[in-house]
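Peer 1: The residues making up each chain are set out below.
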Amino acid sequence: MPHASPRSRVFAWRLLAVALALLLPAVRLSAHPMPQSAVLLDFRGHAVGAELRLPLDRLEVGFGHRLADDPRREVAALRPALAAYIAARVSATSPDGRLWRVEVTAVGLDDDASLGGGRPSEVVAHVRLTAPPGDLARHFALHYDVIQRELLTHRALVSVRSDWDAGEMSGSPLMLGEVGYGATTLAVDRPGGSQWAGFASVLALGVRHIAEGTDHLLFLLALLLPAPLLATGGAFGARRWGAYGGVRHGAARLLRVVTAFTLGHSLTLAAAATGWVRAPSGPVEVLIAVSILVSAVHAWRPLFPGREALVAGGFGLVHGLAFATMIAGYGVDPWHTVLTVLGFNLGIELMQLAVVAATVPWLLLLARTPAYRAVRVTGAAVAGVAALAWIGERALGLPNPVGPWVEGAAAHGPVLVALLAVLALGATAWDRERRAVPPVTEHDSTGSPSFTFDHSL
Amino acid sequence: MQHLAPRSARAIRAFALLLSTAVTACGSSDLTGTTAGTTGGTPTTPITVAGSTTGLTAGAMPAACASQSGTLARTLCVFNVFTKPLSTTQQANVQLALTTTNAARWSNLPVGMVPRNGLEFGSLSSAQLDPALAVARAVLSDTGFATFQAIRAADTYLGQSANGYGENLYYVAALGTPSATSRWLLQIGGHHYGPNFAFNGPSAAPVAVTATPFFIGVEPQTFTLNGTAYTPLQSRKVAMYTVINALDATQEAQAKLSASFDDVLVGPGKDGQFPTQQGLVGTSLTAAQRALVQTAILQWVHDLATPEANALMADYAADSSLAKTYVAWATSTDSTVQGSYLRIDGPRVWIEFACQGGIVFRNQIHFHTIWRDKLRDYGGSISTASVRAAEFGRQLAEARVHFAPAFGRADEWPIAG
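Protein sequence lines correspond, in order, to chains A and B.
Read left to right, the first sequence gives residues 1 to 457 (this note's numbering).
Read left to right, the second sequence gives residues 1 to 417 (this note's numbering).
Read the hints as simulated data drawn from the structure, not as lab findings.
A portion of the hints provided could be inaccurate.
[Claimed, not checked] Label pairs and their in silico Cβ distance ranges:
no., chain 1, residue 1, chain 2, residue 2, range
1, B, Gln90, A, Ala87, 53 to 59 Å
2, A, Arg73, B, Gln364, 24 to 30 Å
3, B, Ala288, A, Ala81, 42 to 48 Å
4, A, Ala77, B, Ala318, 42 to 48 Å
5, B, Gln273, A, Val417, 58 to 64 Å
6, A, Arg66, B, Gln364, 19 to 25 Å
7, B, Ala249, A, Ala76, 35 to 41 Å
8, B, Ser161, A, Arg73, 32 to 38 Å
9, A, Arg278, B, Ser161, 35 to 41 Å
[As the list claims (entries may be wrong)] Negatives, chain A to chain B, calculated, CB over 12 Å:
no., residue
10, Val61
11, Gln148
12, Arg149
13, Ala279
For every residue, glycine included, the Cβ atom is placed at its ideal position computed from N, Cα and C.
Please model the entire structure based on the sequences and the hints provided.
Peer 2: See below:
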């Protein structure tokens, strides 16, 4: 082959490589639906819910009808036939040989456009397997032959998605095994458990979600930053954060903000978890980033002084929708849904209160000193930059290192709190010393009788 | 947000990895394409296109082994030449215990999804890699070595369009202590190339060396790399479809399987799970048609060193064997149709040819094939019972890929006991 100009060839290759590298993540993630099926099991008392995720082009071969040309229309038209096809290929038996009842409760398409490059790539079917009377539905043989009865080389990966009583609520499916050629029966053996194990598990999930959910915390902290202060001025633009409003003022405002946020997110968490409200996760994530930006700006200049609680409650509604995605799809019955929402929300509150308790006393202390202005503005800047980065990432698909960087810093939360404490104590001590030596020069022109400071920027 | 941010962090890591591999791949193609005497480039060791590690002149027989006769003695000698100068760590990595679990660790999937046994080619210096290729050359025929190199070239070609493929993502491992007298296995393979050479000792004559299970596949079917055009599985495809297309309408109907196949049936993890013979039996074929079956079988078998290939063919293609050998097809007798599937199923030999949709090049069919020996896979004495453990690791790897888009934390998945 010709090698007239290796250097330019190298350059061209590198250019192509960069172009491909820019293109490929998006292309490959969306254009590579998996060829095998997935079965996700949800244990609900005496019944087991099975969510079947069936690749459209494979299901076509097994089912014998076109589905992938115009999935929405074709699946809608063939829904009853598809349900019958599936029902004839899934069964379960108790250890004593008794057959379980099998009902196909729903047949639809995956609505997560990101999986199929904007097009559905899988049929999603919900099957309810009900154990015979007296069987606790913990041990059974799953017989599964969907697609693979006709397409012999097809396989399905079987996982436990939720098992309340065994505390299996992590959001990471627990892989049980595979059904396919030569092995169409899978033995399912779940350990015994209790409702407390499940409750403790969702509570821990809530705690962890906040501990790791940097964006929720950032929103709350940014909103708390100016809470101890009084706003000055009238119209927006002229308004500035002014003097320290006193402990009672600060504490009351903090309490109102935290309570309003809790009320807001509890409301939508419950509504979304029970299925009353459905919201696409993409816009919710963007709105959360926007909420951080708004509270960051507010921490810098008062946008809505005195109405923080209202704003916290409003954006709390949005954050609650995001919380709900964590426990969505657990497919539990109404009683377990209530327990899940309660436990998860309690975990969120506990962690939130822990963060407030760890930071707020230092903020109140700092607010009495001139150092608070720097703390407040720095905090607002960090939250603002993170919010903008997240907006870029979530709304525009621009990956950037800011989000991970902020999360990395948040992982060292105790260190940050310790720094805050040192800062608060140091600033207070320095301030005391300053106050203990009244200015004696004639140049003292403040004439101020009080020892509060103007925090305006 | 916890359930979003790790995903984006992963995307950034994947992006960085992709960028680095893409640039590396281009760098290496640049190297192999630079001929001696080219001006204007950075001075490099003069390397001809044929001198690429996927070329046919690579893996020359070490002088020390030239006097060895017989595939077993020659491969053993070359293997020792290859391993002797390796570091102790490398020597430990190339040498595994001969267990069913280790033996079953081969696959048709990219090495990123299913790790392979042994030393990665990419971890070897060029002085170490050439003897490793000589090991492959010693146990393969010239045809077989050309196929091996072409499949590696196909992965380099794929690597220019996707992450996780390349001629250096290939592995060499010995299971059991290499010996002239007792059983050991040699695995040299990667994505789309999975042979299991078994050295069965002198008492195993006439077939002292076997090659099955031997998976071989290719994507894309044809490609040009560094000025060389490749069609690695062309002769296999032609021979198989010639068999099926030589059937008359009645025979074709009898040979049709009612089920569908989108891959080989008795693939990795399915050791010993041969179904009941189905399709059209050899006694229903004419002598000329049986000769076509023999030619088709040969396309797989002649990749093994010639004396052993001849010995195996003497059994596979004996009149008594061909009379009991079935041919079968599913979905289509046209290799351009996705889902087209052909099978040769003898008393011993088992060959499958499956036309799959493209993975990297979505609009092109790609081939998966397997050659097995119902009596002598892994040399004949590996039990199939404990293959499950290795199989589960593969399943888990696939599950991670499957669920990764739906759940953000696939890396942390627990493994059920």
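Peer 1: Are the hints correct? Go through all of them and say.
Peer 2: Against the structure, the hints come out as follows:
1. Between Gln90 (chain B) and Ala87 (chain A) the beta carbons are some 55 Å apart, a value that agrees with the proposed interval 53 to 59 Å.
2. With their beta carbons about 28 Å apart, Arg73 (chain A) and Gln364 (chain B) fall inside the hinted range of 24 to 30 Å.
3. Ala288 (chain B) and Ala81 (chain A) have their C-beta atoms about 46 Å apart, which keeps the hinted 42 to 48 Å range intact.
4. For the pair Ala77 (chain A) and Ala318 (chain B), the beta carbons lie near 55 Å from each other, so the given range of 42 to 48 Å is not met.
5. Checked against the hint of 58 to 64 Å, the C-beta distance between Gln273 (chain B) and Val417 (chain A) comes to roughly 59 Å, which is consistent with it.
6. Between Arg66 (chain A) and Gln364 (chain B) the beta carbons are some 22 Å apart, a value that agrees with the proposed interval 19 to 25 Å.
7. The beta-carbon spacing between Ala249 (chain B) and Ala76 (chain A), approximately 39 Å, falls within the hinted interval of 35 to 41 Å.
8. Separated by about 33 Å at the C-beta atoms, Ser161 (chain B) and Arg73 (chain A) satisfy the suggested range of 32 to 38 Å.
9. Judged by the Cβ atoms, the range 35 to 41 Å given for Arg278 (chain A) and Ser161 (chain B) holds: they are separated by roughly 38 Å.
10. For Val61 (chain A), the requirement that its beta carbon stay farther than 12 Å from each beta carbon of chain B is not met, with the minimum near 5 Å.
11. A beta-carbon of chain B comes within 12 Å of the beta-carbon of Gln148 (chain A); the shortest separation is about 9 Å.
12. Listed as a non-interface residue, Arg149 (chain A) fails to keep its Cβ farther than 12 Å from every Cβ of chain B; the least gap is roughly 8 Å.
13. The beta carbon of Ala279 (chain A) sits about 14 Å from the closest Cβ of chain B, which is more than 12 Å, so the claim that it is off the interface holds.
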